[in-house]
Every structure is written in C-alpha cells, then in structure tokens.
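Participant: Chains as they are written, first to last, in the numbering used here: chain A, 1 to 170; chain B, 171 to 483.
FYI, nobody ran anything at the bench for these hints, they're computed from the structure.
Keep in mind the model is a prediction, meaning the values are calculated, not measured.
Fair warning: there could be bad hints in the mix.
[Unchecked claim] Some chain B residues close to chain A (C-beta under 8 angstroms, calculated; not the full set): (1) 218; (2) 330; (3) 400; (4) 401; (5) 403; (6) 407; (7) 478; (8) 482.
[What the hints assert, rightly or not] If you want the ones that stay clear, here's a sample from chain B, every Cβ over 12 angstroms from chain A, calculated: (9) 221; (10) 283; (11) 287; (12) 295; (13) 307; (14) 317; (15) 328; (16) 344; (17) 362; (18) 364; (19) 477; (20) 479.
By construction, the Cβ of each residue, glycine as well, lies at the ideal position given by its N, Cα and C atoms.
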Amino acid sequence: MSDQKASLLSTSRAVLRRFRLWPFVLILAVCGSSFLIGEQFPVTRFPMYDKFPDHTYYLYVGDRHGDPIPVHELTGINTSKLKKPYDKELNRTRKRLGKRKLELTVEERRSAGETTLQKLYNDAPAAGKRQMDELAPLQLFHVWIYSEGGRSAEQPAEAVARFVPEATAD
Amino acid sequence: MRRPDISTWFCTPDYARYELFLIRGLFALVIWDAMPSAITVPSDPQPVGLGYWIDFSFLARPQTLAASRWILAGCLLLYTAGFFLCLALPIILLLLTAAGTIGASFGATTHSKQIIVLCVLAQAAWYGYAAIRKRKIGLAEHRCGAFAGAQAIAAAYVISGISKLAGDGNWLVDAVKNFQIQATKNQRMKYFNALSEETAESGSGLQGILHSGLSPLLRTIEYLLLNSPIWRALFLGGGFMLELFAFLALIGRKMSLLVGGSLVLFHLTVFEIMGLRFRYNIYLLLIFMVGVPYWIAAAVAAARRSRHLTQLD
Chain A
1 MSDQKASLLS TSRAVLRRFR LWPFVLILAV CGSSFLIGEQ FPVTRFPMYD KFPDHTYYLY
61 VGDRHGDPIP VHELTGINTS KLKKPYDKEL NRTRKRLGKR KLELTVEERR SAGETTLQKL
121 YNDAPAAGKR QMDELAPLQL FHVWIYSEGG RSAEQPAEAV ARFVPEATAD
Chain B
171 MRRPDISTWF CTPDYARYEL FLIRGLFALV IWDAMPSAIT VPSDPQPVGL GYWIDFSFLA
231 RPQTLAASRW ILAGCLLLYT AGFFLCLALP IILLLLTAAG TIGASFGATT HSKQIIVLCV
291 LAQAAWYGYA AIRKRKIGLA EHRCGAFAGA QAIAAAYVIS GISKLAGDGN WLVDAVKNFQ
351 IQATKNQRMK YFNALSEETA ESGSGLQGIL HSGLSPLLRT IEYLLLNSPI WRALFLGGGF
411 MLELFAFLAL IGRKMSLLVG GSLVLFHLTV FEIMGLRFRY NIYLLLIFMV GVPYWIAAAV
471 AAARRSRHLT QLD
C-alpha cells in the first residue's frame, strides 16, 4: 500500500474514532450495497409504504346468485389472504401479456380467479366445504377502487371466475 | 445551560450482561418465528439473489427442512448463550437466506423478513471481525454485537427513506392523494370477511389489533387521515422523517426509545388503518431500540432490590 493511501486510511479511522462515527460505516455500507446490488435477497432497499398507486382492488366471494358470503367465517381465510394467490397469478399473466394489471380483461383474469377459488375450497375446513357445496357454484368478484377528486370511488363488481366443487359437479 | 457532549453520541450503550442475554434470547425467538415450518417451491421460479447461483429448493424437502430447523434451534441456543457465535451466526444467516430466497422466488417479493437477515448479517460481520482481530469475546464485544443489530435496523429505515427521496420525488404527493384508497380497500375487505353490519355502518376498517380501549382514539385518527389531506401529509411526512433520521436512535438510550417508540407507533397505526403489517420490524424495534430487555432487566432488578430491603427490615 502506498504511503498516501495508508495515510488516508489512518486519517479516516482517526476521524471515525474521534467523532464516534463507526455506526455510520454500517449504515453507509447497507445503503451503498442496496443501491448498487438492487433488489436481490437479502439485499433490499426496504421499500416500506413506498407505493400509493391511484388505483387498487379488493376481492369478495359470492354464492350462485352473486350474493357475498362471509368468507372468513366459512373458511377461516380472510379476504387479504385470498388476494395473495390471485395477485400472484395476475402478476404472471400481466408479465406474460406485457400489460398493466389495470388493463387485464375479465377473461384474462379468469385463470387467476379459478386458481384462487380452488385454493380457497381446498384449504377450507370440512364444515366450511360443506357450506360452500350448498352455496355453489362460488363466484369470485373483483372490484377496482380509484381516486376521484380526493375521494375513493369504486367500479361495479366484476365476476371473474366461477367454481363448482367436485362434490356438487353432478 | 450545559452543552451536550457530542463525542459520546454514537457510543455503544452500556448494556448489562443479563440485558444482552435477554436481547439475544428475544431476537432468537423472532428468528425462530421467521423460519418457515413448510416451504413451497414455485413451479415457475423467478430466482433472486443467491438463488441465481444456488438451487435452494433442496431445503423445501420436509426431511431437510426438519433437519435444518433442528440445526437452527441448536444455533439459536448457542447464540442466546453467547457461545461459538462465529459458528452459530453464519449458519443462522445461511438458513434464513436460503429460506428467504425460495420465498422471494415466487415473483411477488415481500420484505417483512429481510430486516431480520440484515440484523443477523451485521452481527455475524461484527463477531467475524472480532475473531479476525483475535479479540476475546467478552462483555464489550457482546455490547458491540447488540449495537450492530441496532445499527442494522437504523440502516434499514434510512435506506427506505433515501429510496423514497431517490424516486420520482412525488412520493408524498401520491401518498397524500391516494392514501384513502388503501384505507377504503381495507374497510371493504374487512366487511366481506364476515359481512358485519357494524363494519358497514361505521365505515371503519380498523384491524382491531390494539386494545379496544384505544378504539375511539384510533377512529378519530382514521377519520382525520381519511378526510383531511393536511393530517395525511403530517402523518405520512412524519413517518418519512422518522425513517430518514432513524440513525438518531443510535444517540443513547433516550433517543433510541424516542425514535424506536415513534416508529412502533407509526407501524401500528398504519397496520390498524391500512392493514399493512410489518410485525418483524415492530419486534426488532422493541428489542433493539425501545429496549424492552432493558426495561425487563430494570424491573427485575427493582423487584430484587425491594425484596432485599424488605428482608433487611
């Protein structure tokens, strides 16, 4: 190591020690690696609450008439959990088709909806399954929410998928 | 007026021995909770990070995962006891990274557990450094180890704040404009869980995780945030400033309690209103910043003192 480099290193260490700035070495290392490497587990930019899009959606499950059913009471699975597999499938479809989620038609969302209803039925306890059999065919509704004049507005619910449990298929 | 002594600001806190034991023990419980008991390998994996080079899917086999959990349990016991940390921490890091990498390969990455991995990484780096420098692991080294965890948490928040600054610069504008959409979604999803008339009538989407006695206060906060852009700007802007200046938590215990406590309150309020939960962040803030182990240790010491005085009387 050249004298100049060694001197710079020892001065930096002296400054860090004098002003007790060692904690910032770690903070700078984490920040630097996050920006250099990007989103590669376990390195991340910790994007907490960083996305506030001007639209979002929620799901609910309906019976054969389209009337909503209390999905958590029947299955123990809440609507936010229900949204996870649906959203995952939707992301795949979106990437495959090169579209934004908002641009996907009901038909293009159908496969995600069917997968979600199938998973909901499979994961439900026996009592929940029996009740769902009575209400079948189940329907999955997708509702877009968007911002309008500083307030939330909703689009009409879209029935994206139907599901008939095997037990009631005949 | 006495001027603050800046030279002591970022010093390692004087953690007591039993406090360090509690810190490690509670952190070990969080790590154990974060390790999945079952892993599903995606049929169409989208590898991230180390997953590009190493196929971690072997960990998803039930026998392998069960063995891994036993190894993790052993390492966590060693970690809590403060023995063989140069061996235990890298193994913990490897197992968490492997499980997290499979989880992140689903295409929809969640960031809830990365703060734990970062905390373990910082501690592993510190103990590794101490080993290279041939330092005998004693109280001072364990204090630095715990402080490395606090630094890692502060770093996670600072980078989150900087990312928002480095974005298109419209984060706060978008957040204030669209916050109520998320809250409305939360309220609707809560309603469709149970078709509860009460939820429909109140129009509130509160998650009910905090004590019911706080409901009036939370409903007022929710009302203000949903109906007033100024309150939204104050709340979200305040949260952003807390993130950006989270490193101030490293200035002694009082600042740590103030910054850590404020971040916990911010997380809990957002969770109640928007349903976005960062429970591992909350656990780590409580352990490393709010100083729950310190308060437990202080309470135990006070109880002991009082019993001792009673006996003397």
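Participant: Does each hint fit the structure? Answer for all of them.
Facilitator: A quick look at each hint next to the structure:
no.: 1; hint: 218; in the structure: holds, 5 angstroms
no.: 2; hint: 330; in the structure: holds, 4 angstroms
no.: 3; hint: 400; in the structure: violated, 12 angstroms
no.: 4; hint: 401; in the structure: violated, 13 angstroms
no.: 5; hint: 403; in the structure: violated, 12 angstroms
no.: 6; hint: 407; in the structure: violated, 12 angstroms
no.: 7; hint: 478; in the structure: violated, 37 angstroms
no.: 8; hint: 482; in the structure: violated, 42 angstroms
no.: 9; hint: 221; in the structure: violated, 7 angstroms
no.: 10; hint: 283; in the structure: violated, 8 angstroms
no.: 11; hint: 287; in the structure: violated, 4 angstroms
no.: 12; hint: 295; in the structure: violated, 8 angstroms
no.: 13; hint: 307; in the structure: holds, 18 angstroms
no.: 14; hint: 317; in the structure: violated, 8 angstroms
no.: 15; hint: 328; in the structure: violated, 6 angstroms
no.: 16; hint: 344; in the structure: violated, 5 angstroms
no.: 17; hint: 362; in the structure: violated, 4 angstroms
no.: 18; hint: 364; in the structure: violated, 5 angstroms
no.: 19; hint: 477; in the structure: holds, 38 angstroms
no.: 20; hint: 479; in the structure: holds, 38 angstroms
Against the hints set out earlier in the document, violations occur for numbers 3, 4, 5, 6, 7, 8, 9, 10, 11, 12, 14, 15, 16, 17 and 18.
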